[in-house]
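Make one complex out of these two single chains by using the hints.
If you want the building blocks of each chain, they are given just below.
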Amino acid sequence: MIIEKIFNKWILLFLFTIPVFGFVFEEPYYITLTTKVVILGIAGIGLNLALGYCGLISFGHAAFFGIGGYVTGILSFHALNSELMFSWPFVSSGSSDMLVIWPIVILSSAFLALIIGLLSLRTTGVYFIMITLAFAQMLYFFAISWPNYGGEDGLSIYMRNSLPIINTMDPLTFYFICLFWLLVVIFISAKLINSSFGMAFQAIKQNEERVKSVGIETFKVKLLVFVISGTITGLAGSLYTDLNRFISPSVLNWQMSGEIMIFVILGGIARLYGPIVGAAFFIVLEQTLGGYTENWQFWLGLILILEILYVRTGILSLFEKKFKYEK
Amino acid sequence: MSSILFFEQLLNGIQFGTMLFLMSAGLTLIFGVMGLINLAHGSFYMIGAFSAALIASLTGSFWLALLASLSGAAIAGVLIEIFIIRRLYRRDHLDQVLATFALILLLSEGVRWCFGAFPLYLDIPENLNGTLPILDDIIYSKYRLFIIFMGLLIAAGLYILITKTRLGVRIRAGQNDRQMISALGIDISKLYTIVFALGASLAGLAGAMIGAIQSVEVGMGEPILILAFVVIVIGGIGSIKGALIGSILVGVTDTIGRIFLPEFLKVFMEPASATSVGSSIGSMLIYILMALILIIKPSGLFGKT
Chain B
19 MIIEKIFNKW ILLFLFTIPV FGFVFEEPYY ITLTTKVVIL GIAGIGLNLA LGYCGLISFG
79 HAAFFGIGGY VTGILSFHAL NSELMFSWPF VSSGSSDMLV IWPIVILSSA FLALIIGLLS
139 LRTTGVYFIM ITLAFAQMLY FFAISWPNYG GEDGLSIYMR NSLPIINTMD PLTFYFICLF
199 WLLVVIFISA KLINSSFGMA FQAIKQNEER VKSVGIETFK VKLLVFVISG TITGLAGSLY
259 TDLNRFISPS VLNWQMSGEI MIFVILGGIA RLYGPIVGAA FFIVLEQTLG GYTENWQFWL
319 GLILILEILY VRTGILSLFE KKFKYEK
Chain S
4 MSSILFFEQL LNGIQFGTML FLMSAGLTLI FGVMGLINLA HGSFYMIGAF SAALIASLTG
64 SFWLALLASL SGAAIAGVLI EIFIIRRLYR RDHLDQVLAT FALILLLSEG VRWCFGAFPL
124 YLDIPENLNG TLPILDDIIY SKYRLFIIFM GLLIAAGLYI LITKTRLGVR IRAGQNDRQM
184 ISALGIDISK LYTIVFALGA SLAGLAGAMI GAIQSVEVGM GEPILILAFV VIVIGGIGSI
244 KGALIGSILV GVTDTIGRIF LPEFLKVFME PASATSVGSS IGSMLIYILM ALILIIKPSG
304 LFGKT
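Protein chains in written order, with the numbering used here: chain B, 19 to 345; chain S, 4 to 308.
One chain only, chain S, in its complex shape (with noise of 0.2 Å):
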């Protein structure tokens, strides 16, 4: 019995995980190449739900619902980018955890405004629904193998972006010398709107995908943002390969401690306090975790010195 519940709460760690790692991708991208600490990410995960819950409401389609929430988050990324990031880049970090600070607050309750205070739900796709037997008496939700299997499919398809394409040259070029590919003749300020675009828009995804388990509502994003940050500071900042290992230690620490060490704490105390002791701490763990990390290597465990 306690395996089974094992392997089923380290496959929702996996899950939240790679939900985290969309999140943290997009996040440690932008502080990699435009050097911006970009606090509204967490918005762009609630735009993306909002957009999926609208277009599921007007066309019943979740396909169409999660191809609404990349392209409404990559549309609102690609207008505050030229409106208002733009002008930050050469700000000192101070400002722009201000800026974006405020348009959080300004994302929000524009949201509220136009939405509503009350959440919104988003329905699972008819064949994405039940459970799926894996091994021989293991089952699981089919709709969190598809959001384990979509985040693995996007962190291949990045790792083969990065690597592989023209697009991807220019970007591991941005982040190792900003001038420099400026003055080769590459539109650096073109460049900077296609990866606030494509951060913006992963973030709007894992909202639309989280959003269907969760409930659509102002505000959620930002949990999931300070965890992001937790992640791209465990794996360093600016790494992609340090965000993928962060986003899957933290999204599982956080699981199974949450759920283990009640339990684990019970051979020691009487279970009423272990069980309140034990879920104090276990929402304390990744940061504990974080902590740790910091002690060890203060640049992350991908970072760079």
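Pulled out of the complex, with its shape left as it was, chain B reads as follows (with noise of 0.2 Å):
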């Protein structure tokens, strides 16, 4: 644990360190690399509540993902072309203002894993895994075949939303404000995982009947965590289309959800900074191993198989067993 909690303050350092870096010596791609990094790493922490630690696998979060990107990206189409969005039950045409755009990519986004948390929780297991599944794939055909926002093309935005004062074209702010969510994220999660209701949802992780008999409602537990997650995740969206400037049903695909879920087990799972590291491992190998040779996820299936079978707690747990033999 205090290991754990030293290698934190590590990550954190290089968190604020490697994009002034990048800024200094002019290299701007370094910078847009972190923030993806720290973006990613948001979408990964989301899942890792609801993953990690109370055992709900959700094999969907892209739904989540992609909506926070979708109603950033719609928002801001209608705000930036002045065109209606709704005119009922009031007069809406968008906003490309994220004070505005934020809360509601959190209220839809809670919403949606409302919806999906409510149907799928009734299940356990594998079919909990395959019906999270079917929920983000229902919502990734539903973005292809539906044309107004671009359809299968995706939907560029050709200003990144606003902020007062701030510039946020300027990509080390925009990475200031990223990593500003990242540490509210880290903020939150860290005092939910140690509240009571946190003990409540760890415990459903490892005997969910035991739970029940103490007079929990643990299928009320369990939704709640799963609002939170996907809210989290949905968050992560959001910013992702405010730094591509571009949102595609891609990001709806399973293969998204798959991507996320790979940040917190090569992270370690239930490890609070373990999405962050899962990422960023994930970023490097992209561009290290995608340099060389095209074919780089298949090195990526190759580490991971080998991680499943032989190493089992995560990157950052390898470092733990170093750092204890040298001492």
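These aren't lab readings, by the way, just hints derived from the structure by calculation. Keep in mind it's a predicted model, so treat the numbers as computed, not measured. Beta carbons are placed, not taken as given, at the ideal position from N, Cα and C, and that holds for glycine. Take these hints with a grain of salt, some might be off.
[Claimed, not checked] To give an idea of the chain S side of the interface with chain B (calculated C-beta under 7 Å), a few residues:
(1) 101
(2) 116
(3) 233
[Stated by the list, open to error] Sample of chain B residues at the chain S side, in silico, Cβ under 8 Å:
(4) 141
(5) 153
(6) 164
(7) 181
(8) 183
(9) 185
(10) 276
(11) 319
(12) 322
(13) 327
What follows is the structure, encoded as structure tokens:
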């Protein structure tokens, strides 16, 4: 535990310094990459709450990532084209202000997670895995066949959404906005995990029957975790759209769900900072291997299989072992 | 006109359903006997299609190609079972999901490496080309009828295999109590390999037969894999009967829904928006069906509770 805390400090130090180096040495590409790590890390932290701490193996978190992304994209698409979005029950033509977009993203992904959770949590085990997957695929096909917002081609927004005073178009500034959200999400998750509610959902992972027998309504607890988890991942989707200034159905695809899961597993399941390490590893692998060979996913697959068959506890645990031996 | 179209689409739906059955039968068997959730099942569909395309281009024979799809996928299945899958039976579902997800990456990229990124094409044999008149004025593609016939043949074969043969007895026993049948002296790991290879070869056959109407390309297995998941969730995981009924239900709902929902909506809406709303909802229809069935029966139509 103590070692993990030291690592967490190092991770934060890296997150604060790397983009600043990128800025000083005028390599904005590194800033973009680190921004990506932070955003995907947020998505992973969201999933980790459900998957790592509560044992809800959701294979459909792309749905929340995607809804966050699409809500952001659609709102700013209407604002930038000054097109009416809807006229009932009130007139709205979208918004390109992050302070307006974020609450809407949070509400809509929470609502989606509530609906999906209500239906999926009636089941357990393999059924749960497949149903969450199927719901995400449903939205994916909907996004592909709905022509108003680009359909299969996706939706471009030519200006990143704005904040008052701050210039979000500057890569470093946008990075710190994402980092701010990462810290908020880590803070909230840490508080949750150590609360009595957190004790309840971690106990459910170990033995749901026992938790029930103490008189806790486990369905409600699981539903709440699922909603919080989906909301956090939805927020990450919103930032991701702003980073790329583009959103397409591919973020709703089941491979996205798999990738978010990979971040959690590679970093180490049920570790607060694990998904950040997992996402960083994933991005570094994509960048380095992708430079050598087009088939980098082959090697990713191989590494993953070896990790699952032989290591089983994630990258952070490898560091931990090394650290212990050296002492 | 409309009734002819309807009948034709119904047949299309059944044809789609029988192919889904080949996929979901293997998936549900593997889950029922070994307790393994296998995301890489779609990769065997792809491997079958590629083996068929390879043999067809070498020999020119469609029938040899079908045989190649069965054996190619079965061989891949045996190798993968022995080297990787075998280690996953005792693991929890999360490990199984991730390892088989990783297998998809590995196999897809591996096939891309060997065959390149361009789609291959498989030709339908001469005598299955063209159409066949059925009933008065309805004509239908011979090849699609052949697919339906093959699907039903295999469903019957599986039924006989499971209910009438010694292997079938073992498979059923394996579904009920794994420890007991290994205690009775049956080589359980051999049984597992056989079941896995059987499932893989059925998926491979489906891939080759569909590959001849669509194209043979990397990533062709994943969309149908997810539909197969929907099928076995609807039918009840582990039940082959459920897989058959679920497949036909999903195949017909999907095909009919996509065609007729826009038409149906045109009654209430203006044509342009009816088309877009109809096709969007049509593509979601099977998932809505799945949600409805789960609300009524959380363990599927024929699942054990």
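Quick rundown of the hints versus the structure:
no. : hint : in the structure
1   : 101  : holds (5 Å)
2   : 116  : holds (6 Å)
3   : 233  : holds (5 Å)
4   : 141  : holds (5 Å)
5   : 153  : holds (7 Å)
6   : 164  : holds (5 Å)
7   : 181  : violated (33 Å)
8   : 183  : violated (40 Å)
9   : 185  : violated (38 Å)
10  : 276  : holds (5 Å)
11  : 319  : holds (3 Å)
12  : 322  : holds (4 Å)
13  : 327  : holds (6 Å)
Of the numbered hints listed earlier, those contradicted by the structure are 7, 8 and 9.
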